[in-house]
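Trainee: Sequence:
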Amino acid sequence: MASGNKTLMELIHQIFPTWHIYLDMFLVGFATYGFLRIKKKIKTK
Numbered sequence: 001m002a003s004g005n006k007t008l009m010e011l012i013h014q015i016f017p018t019w020h021i022y023l024d025m026f027l028v029g030f031a032t033y034g035f036l037r038i039k040k041k042i043k044t045k
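Residue numbers in the sequence shown follow the UniProt record's numbering, run continuously in steps of one, and reach 45 at the last position.
Hints are computed from structural coordinates only; laboratory data are not their basis.
Dumping the calculated SDA-like pairs for lysine to any residue here, alpha-carbon to alpha-carbon at most 25 Å:
1) Lys39 to Leu27
2) Lys43 to Phe30
3) Lys6 to Leu23
4) Lys39 to Met25
5) Lys39 to Phe26
6) Lys41 to Leu27
7) Lys43 to Gly29
8) Lys41 to Val28
9) Lys6 to Pro17
Cβ pair distances, simulated, as ranges:
10) Gly34 to Gln14: 27 to 33 Å
11) Lys40 to Gln14: 38 to 44 Å
12) Thr32 to Thr7: 26 to 32 Å
13) Thr44 to Gln14: 42 to 48 Å
Fair warning: this is a prediction, and the values are worked out from it, not measured in the lab.
Think of the CB as a built atom: it goes at the ideal place given N, C-alpha and C, for glycine as much as any other residue.
Make a model of the complete structure from these sequences and hints.
Mentor: Now the structure itself:
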């Protein structure tokens with residue numbers, strides 16, 4: 001299992017450079033934050 005995980009991570013690193021992973025994490029966090037803000041606005045109306 002561990003060796004399979006390692007090869008998967010290596011494959012991900014080959015497809016996406018490290019900065020791309022950080023960019024995706026930032027975008028996901030930003031999208032979640034925006035989604036929650038919009039959801040709250042609709043609730044308070």
